[in-house]
Every structure is written in C-alpha cells, then in structure tokens.
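Engineer: Based on the provided sequences and hints, a complete structural model is requested.
Note that the protein sequences, when read in sequence, are chains A and B. This note's numbering puts the first residue of the first sequence at 1, with every later residue one more than the last. This note's numbering puts the first residue of the second sequence at 1, with every later residue one more than the last.
Treat the hints loosely; a few may be bogus.
Stated by the list, open to error - Mimicking DSS-like on lysine-lysine, the simulated pairs with C-alpha atoms at most 25 Å apart in a straight line are:
no. : chain 1 : residue 1 : chain 2 : residue 2
1   : A       : 152       : B       : 3
2   : B       : 3         : A       : 129
3   : A       : 129       : A       : 106
4   : A       : 106       : B       : 3
5   : A       : 10        : B       : 216
6   : A       : 87        : B       : 216
7   : B       : 19        : A       : 88
8   : A       : 90        : B       : 216
9   : A       : 65        : B       : 3
10  : B       : 17        : A       : 90
11  : B       : 3         : A       : 90
12  : B       : 17        : A       : 88
13  : A       : 112       : B       : 3
14  : B       : 17        : A       : 87
15  : A       : 90        : B       : 19
Treat the hints as calculated values from the structure; they're not laboratory data.
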Amino acid sequence: MELLELRNLKKYYATQKAVDDISFSIAQGSIFGLLGPNGAGKTTLLRMITGIFYPDSGDIIFNNKKFDPLNDTLFIGYMPEERGLYKKMKIGEQALYLARLKGLSKHDAMEKIKYWFMKLGMESWWNKKVEDLSKGMSQKLQFVTTVLHEPKLVILDEPFSGLDPVNANLIKDEIFELAKKGSTIIFSTHRMEQVEEICDHIVLVNQGKKILDGTVPDIKQQFKENLFRITLANAPAIINNPSFELVKQVDNKLTVKINEGSSSNEVLQYFINENASIEAFNEILPSLNEVFIRLVEGTKATRQFQQVTV
Amino acid sequence: MNKILLIIQREYLTRVKNKTFILSTILTPLLFAGLITAVTIISVKNLDHEKIAVVDPGGLFKGNLENTKTISFEFPPGVDSNNYSAKGYSAILYTADSGNNTYKLISKKQLGIIAEGNLEDKINETLENNLLKSKYRIDIKELEAERKKAGNAEIQQTYHEGTQVKKGNSGLAYGIGYGSGFLIYITLLIYGNMVMRGVTEEKTNRIAEVVISSVKPFQLMIGKIVGIGAVGLTQFLMWIILIAGLTAGATAFLPKETLQQAQESSQQMPGAGGNVKAASSAATEFNEIKNTLGEANWVLIIGCFLFYFLFGYLFYASLFAAVGSTVNEDANDAQSLSMPITMPIIVSIMIMVSAITNPSGSLAVWASMIPFFSPIVMMARIPFGVPGTVPYWQLFLSMALLVGGFLLTTWISAKIYRTGILMYGKKATWKEMWKWAFRKA
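Structural biologist: The structure is reproduced here in structure tokens:
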C-alpha cells in the first residue's frame with residue numbers, strides 16, 4: 001500500500017526550477033532514501049511534503065487522500081537538516097511544547113515524552129536548557145521531538161550528521177523499529193553507505209528532476225557493468241578469449257568484463273580449459289556511491305541560475 | 001486557533017519568567033523612585049542655613065527683615081568684619097547710608113546664589129515698605145490685604161461641546177497628550193524591537209522550520225506578536241502598580257517637613273523672582289488641575305489610549321516581524337533593515353511635538369489620519385477634547401484607517417515572513433521583499 005504519492009510536482013523559483021516535474025510513490029512501512037547532490041531540490045521537495053511550501057502544480061496524495069497541510073501535519077514528523085531548538089528553553093518544556101503544537105493533549109504528550117526520555121537515557125535532562133547540551137545530545141532531543149507523536153511519515157534530513165558511532169547506531173535502531181511498527185521513513189542524505197544499509201527504495205534527484213527510482217538491488221543490477229572478479233591458483237601466461245575482456249590483473253586476481261551475448265559459464269569454461277584452477281568467482285556490483293557519482297558527474301556541480309518562464 | 005494560543009503562551013511565559021524581565025520590571029520603578037528621592041534629599045541637604053549679622057546704623061531694617069528657613073537675620077551689637085565668624089555668623093551685612101544703594105556683604109565663603117537673590121529681594125521689599133510707610137503713610141499690612149482682595153483675577157476658559165459647556169484646561173490636555181504620545185512611542189520601539197529579535201532568533205536557531213512544519217507561518221507570527229504584546233501590557237501594569245505603591249509609601253513614610261522643604265527648595269530656584277507670588281500661583285494652579293482632572297473625559301482618553309496603544313503596536317509589530325524574518329546572523333543587518341520602520345515612529349514624535357501646540361492645525365489633522373503616525377499624533381490631540389478639537393468623524397476615520405492599516409501590514413508582512421523565515425545565507429534586498437509581498441500564493 002502506498003502511503004505517499006507525488007504526481008508531477010513542480011516548484012519554480014524566480015531563478016531556478018527547484019523541483020521540475022517529479023513523481024514517485026512510497027510504500028507504507030518502507031524506508032525510503034531521497035538522494036541527490038547539494039542544491040538538487042531535495043529540501044524543496046521535503047518542504048512540500050511537510051506542507052511548508054505549496055507546489056506550483058502537481059498533487060501530493062497522502063494516505064489515499066489529497067494531502068491537506070493543515071490537518072495532515074499531525075501525521076508527519078519532520079527533522080530538517082538545519083536543526084533547531086529554542087536555546088533558552090528547558091528541554092522538558094520544549095519537548096512538551098513541540099508535541100502539543102503537533103496536536104497532542106498535554107497528558108498524552110507527557111506520557112510519550114517520559115517513554116522516549118527513558119528509552120534513550122535522557123531522564124536527567126528535563127530541567128536542563130538546550131544551550132547546555134552537546135551537539136550530539138541536542139541531535140538526540142531533536143530526533144525524539146520528531147517522532148514523539150508517532151507520525152505515520154517520518155522525514156529525516158541527514159539524521160546522523162554530528163553523531164558519534166554509538167549514538168548513530170542508537171538512532172539507526174530506532175529508525176528500524178519505527179519502520180517495523182509501520183511508520184514510513186523518508187531519509188535524505190549524501191552518505192551512500194548509510195543508504196545501502198538502511199533504505200529499501202531510493203530516488204535520486206538532480207537539478208530538480210528525478211533521474212533514478214528503484215530498490216537498491218534493482219539499481220545495482222541496472223548499473224552493473226558485467227564485471228567479475230576471478231581468483232586463480234595459477235594464472236595462464238596469455239589470457240585471450242572473445243567472450244570477455246581482461247580489465248585488470250594483479251598477480252592471480254583478475255577483473256574481467258564479460259562481453260555482450262556471452263555468459264559467465266563461457267568465461268569459466270575458458271579458464272578450466274586453460275587448466276587454471278579457479279579459487280573464487282564473483283560478480284562486482286557497483287556501489288550506490290559509484291552510481292551516484294556516475295549519474296551526477298558531468299552535470300554542473302552547482303546549479304546555474306537560469307531564467308524561468310512559467 | 002488552539003495552536004496560536006499555545007504559541008502565545010510560550011512567548012509570554014518564557015519572557016515573563018526570564019530573570020532579566022523580572023529584574024527590569026521591578027528595578028525600573030525602584031530606580032526611578034530612588035533617583036527622585038536622592039535628588040530631593042540632596043536638594044534639601046544643600047539648603048544651608050545662613051545666619052547673617054546685620055550692621056544697621058540707620059535702624060531701618062531691625063524687625064523688618066523676615067527670617068526664613070534658609071536665612072535668618074540678627075542685629076547683634078559689637079560685631080564687625082573681623083569677628084563675625086567667630087561669633088557664629090556666616091556673613092555680615094553692612095547696610096547702605098541714605099542716598100547710597102550699595103550694601104556690603106562680607107563672608108568667608110561664597111553664599112549660594114539662592115541666598116543672595118533672596119537677600120536682595122528682602123532688602124528691596126523692606127526698603128519699599130519703609131518708603132511707602134514714611135512717604136505715603138500706608139500701612140503695609142493693610143495694603144497686602146487690599147491687594148489680595150483685588151488681584152485675584154482668573155481666566156475661566158469654557159467651551160461648548162454639543163449642549164454641554166465644559167471647563168477647558170490646555171495645560172492638563174498638554175500633559176496628558178504629551179505623556180500618552182510618548183508612552184506609545186516608547187512601547188512601539190521597545191516591543192517592536194523585541195518582536196524583531198524574537199523572529200530573528202527563531203530563524204537563526206533554525207527552530208522556525210520545525211515549528212512551521214506543525215503550524216502555519218502566519219500562526220507563528222501572530223502568536224509571537226500577541227504574546228509579546230501581552231508581555232508589554234504586563235510590564236506596564238506592574239510599573240503602574242509599583243510606582244503608585246512607591247509614591248503612596250513615600251508620602252506616608254517621609255516626614256512632612258522633608259517634603260515641605262523639598263517643595264520650598266524647588267520654589268527657590270534662581271530666577272523664580274517673587275517667590276511668594278510664584279508659590280501661591282503654583283498652588284492655585286495645582287488646585288485647578290485637581291479640579292479639572294475630574295473634568296477630563298477619562299473614559300474616552302483611556303479607551304482611546306488602549307485602542308491606539310494596541311493597534312499601533314499591532315500595526316508596527318508585524319512590520320518588525322517581517323524585517324526580523326529577513327535578517328540572518330549579522331546583527332548589523334537588523335539595524336539597517338529596521339531603519340525604514342523606526343523612522344516613521346521617530347517622525348511621529350516630532351510631528352506630535354508640533355501638533356500638541358496646535359492640535360487643530362492641518363499637520364496635526366493629517367498626521368492623525370495616517371496609520372504610520374496616528375497612534376502617537378492622535379493620542380496627543382484627543383485630550384484637547386472630543387468632539388471639540390477632534391471631531392467624531394476624524395476620530396473614527398483615524399481608527400478605521402489604523403485598523404485597515406494593521407490588516408494590510410499584517411497581510412504583507414505575513415507574506416514576507418513566510419518566505420524570509422526559511423531563507424538562509426544572504427540578506428534580503430528590498431526589491432526581493434517587495435516581490436515576496438506581492439506575488440500571488
């Protein structure tokens with residue numbers, strides 16, 4: 001079931017097409033990665049999904065209904081990339097305030113705050129002020145205030161930046177748990193290794209357009225270059241066969257590219273015939289990082305300002 | 001609606017619970033009272049009592065020089081310029097021979113200018129009295145009595161207000177007008193800037209984006225403006241209560257004599273001329289004020305004050321909020337961007353100063369219609385009388401324009417605010433703000 005569906009969303013600024021006709025959908029309970037280089041239009045897209053911006057055209061379907069920014073915000077938790085909390089406000093009061101702004105009653109908010117503070121070891125923070133917290137601690141608090149009201153859709157923009165590995169793992173586990181409980185998570189980041197680890201489904205945007213959409217394994221398949229790594233006990237002196245090309249050879253470790261129309265069995269057959277005993281054979285799939293760089297590279301790193309005629 | 005209340009509550013409570021707020025609310029009136037007390041005490045202490053020995057061979061002055069709290073005259077025998085200080089006098093006065101008007105006053109230290117002026121007055125008065133008595137055989141006490149009977153003319157200004165005839169008092173109107181205009185001026189600046197700083201803080205803290213994913217930017221802006229307005233009202237109320245309390249306390253606890261002395265010292269300021277006359281006229285004026293205070297239309301004045309205070313604040317606060325939303329970390333930006341908003345407030349106080357001397361003049365009338373100036377200028381005119389000086393149509397038009405202006409500035413500001421609060425990096429130009437304000441959606 002789809003929780004969120006974007007249809008032909010457009011948002012133009014005076015000098016930029018920030019979001020230019022983007023459509024995709026996100027399944028309920030999935031962890032969705034929204035990727036893209038700086039200035040690709042991710043933040044604008046997220047701000048439209050959270051109801052901060054209105055799209056110039058296009059529809060957002062949330063929970064099978066047209067998205068209603070006034071009432072649906074209760075079901076959304078948004079942690080923006082630029083973190084913010086009231087510095088002079090006490091932590092407990094702050095969490096309570098933000099939860100009540102989402103529409104929770106005072107009583108419900110208190111119970112949930114207590115639950116989360118216990119869970120993440122923050123009980124002693126209640127009367128402290130944000131300015132007394134370290135960056136990592138305030139990040140944790142920010143995360144709690146984002147998910148406190150048990151939103152159906154949690155939007156996290158770079159949630160791990162500034163966190164040490166221990167706290168990052170803690171938050172990561174919470175994200176998995178939220179997804180298991182049925183929350184849908186949109187996860188926006190530049191860190192591809194985290195995406196590979198966490199996300200089920202990704203969309204890559206660049207210059208306001210969607211350039212990639214799919215599950216992580218599918219995308220890897222889509223971008224594989226038929227590269228295989230072969231480790232041999234003894235490499236033959238001359239390697240030459242029409243079914244593949246040798247890309248790289250370091251001692252007995254070979255990297256080969258299988259030509260169109262040939263299969264891996266033909267390659268293996270060749271080495272067996274050459275009397276080279278095969279110790280390992282595996283396919284090299286591209287990392288998301290490589291896919292990302294391949295797709296984004298070549299386009300201008302920073303977006304040029306352009307005249308937009310609507 | 002509920003969310004706006006939450007925001008108002010937060011804005012109000014975090015400010016009211018702030019230590020700086022509590023201290024400034026309590027300390028300002030205390031400081032004010034302390035300053036007044038200190039000035040009073042110093043001026044009372046400064047009044048040295050001078051004992052002056054008079055050498056009066058003609059015998060013209062003995063018994064005719066009146067002693068006062070600050071100067072007393074004695075006519076001891078055998079005192080001269082060599083031994084007067086040893087005998088406990090601070091100065092010695094040699095009276096003039098007949099046909100000569102030079103009096104010699106010798107002292108170790110310079111006598112205060114008050115004492116000197118006082119002395120001249122007293123000698124002149126005595127001489128005059130003596131002359132009247134010897135030449136015209138007029139009893140000076142009788143003359144005074146006659147004078148008091150005759151010379152008590154008093155202009156009673158009345159004006160027609162509908163069918164009612166009212167006593168006018170432009171002095172009082174002047175005071176009320178000036179006071180309330182100035183009060184509104186201060187409020188606009190203080191709390192307007194507070195709104196601006198609050199908005200900028202939310203923006204640079206990056207909390208704004210979190211909050212407006214829960215509420216509409218307009219709700220956040222209005223919540224802040226109303227919350228800070230409530231803080232302002234609270235502070236004013238506290239000040240009024242504290243000042244009233246302190247004044248009552250001071251009158252109750254300070255000895256009567258000190259207060260009297262303080263009054264006297266203020267009357268004896270140099271240049272006050274005939275002290276007695278000034279004092280008596282001051283006293284009658286004071287009584288008049290007391291009488292006319294009862295005649296001023298307090299319900300109307302206070303009602304109008306609250307109206308102009310409130311809507312003047314709302315009119316400007318949203319503009320300040322819009323400016324605050326366009327500011328980034330640089331504090332200098334705030335100053336240069338808020339200039340165009342502070343200017344009309346400063347201009348209005350300048351117009352008010354002129355309007356109050358001519359409350360029916362065209363400058364006063366026009367300025368009290370324009371919402372940028374009306375909160376201050378109209379408040380200066382109203383005490384002069386409605387509908388005498390300010391016809392009803394002017395008052396209602398001015399109010400309507402101010403409310404309309406408030407709706408307009410809030411509408412424009414909300415649009416600038418909505419965009420500005422999420423714009424990081426660079427300072428907005430006026431041209432950009434204009435675009436944000438007037439583009440659709």
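Engineer: Measure nothing beyond the straight line between the CA atoms of residue 129 of chain A and residue 106 of chain A; if it is 25 Å or shorter, mark the hint as holding.
Structural biologist: OK: residue 129 of chain A and residue 106 of chain A at ~20 Å, within 25 Å.
Engineer: Against the 25 Å threshold, does the CA-CA distance of residue 90 of chain A and residue 19 of chain B hold or violate the hint?
Structural biologist: holds, 14 Å
Engineer: Below or equal to 25 Å on CA atoms is what counts here, so check residue 87 of chain A against residue 216 of chain B.
Structural biologist: Distance of about 22 Å is within 25 Å: holds.
Engineer: Between the alpha carbons of residue 17 of chain B and residue 88 of chain A, is the straight-line distance 25 Å or under?
Structural biologist: Holds, at roughly 11 Å.
Engineer: Need the status of pair residue 152 of chain A, residue 3 of chain B: alpha-carbon distance at most 25 Å?
Structural biologist: holds, 21 Å
Engineer: For the pair we were handed, residue 19 of chain B and residue 88 of chain A, check the Cα-Cα distance against 25 Å.
Structural biologist: Within the cut-off at roughly 12 Å; holds.
Engineer: Would the pair residue 17 of chain B and residue 87 of chain A pass a check requiring their Cα atoms to be no farther apart than 25 Å?
Structural biologist: Holds. Residue 17 of chain B to residue 87 of chain A sits at ~15 Å (cutoff 25 Å).
Engineer: Below or equal to 25 Å on CA atoms is what counts here, so check residue 90 of chain A against residue 216 of chain B.
Structural biologist: Status holds; Cα separation ~24 Å.
Engineer: Quick one, are residue 65 of chain A and residue 3 of chain B close enough, alpha carbons at most 25 Å?
Structural biologist: holds, 24 Å
Engineer: Holds or violated: are the alpha carbons of residue 17 of chain B and residue 90 of chain A at most 25 Å from each other?
Structural biologist: holds, 12 Å
Engineer: Would you mind confirming whether the straight-line C-alpha gap from residue 10 of chain A to residue 216 of chain B stays at or under 25 Å?
Structural biologist: holds, 21 Å
Engineer: Check the hint pairing residue 3 of chain B with residue 90 of chain A against an upper bound of 25 Å on the C-alpha distance.
Structural biologist: Holds, at about 20 Å.
Comparing the model with each numbered hint stated earlier shows that all of them hold.
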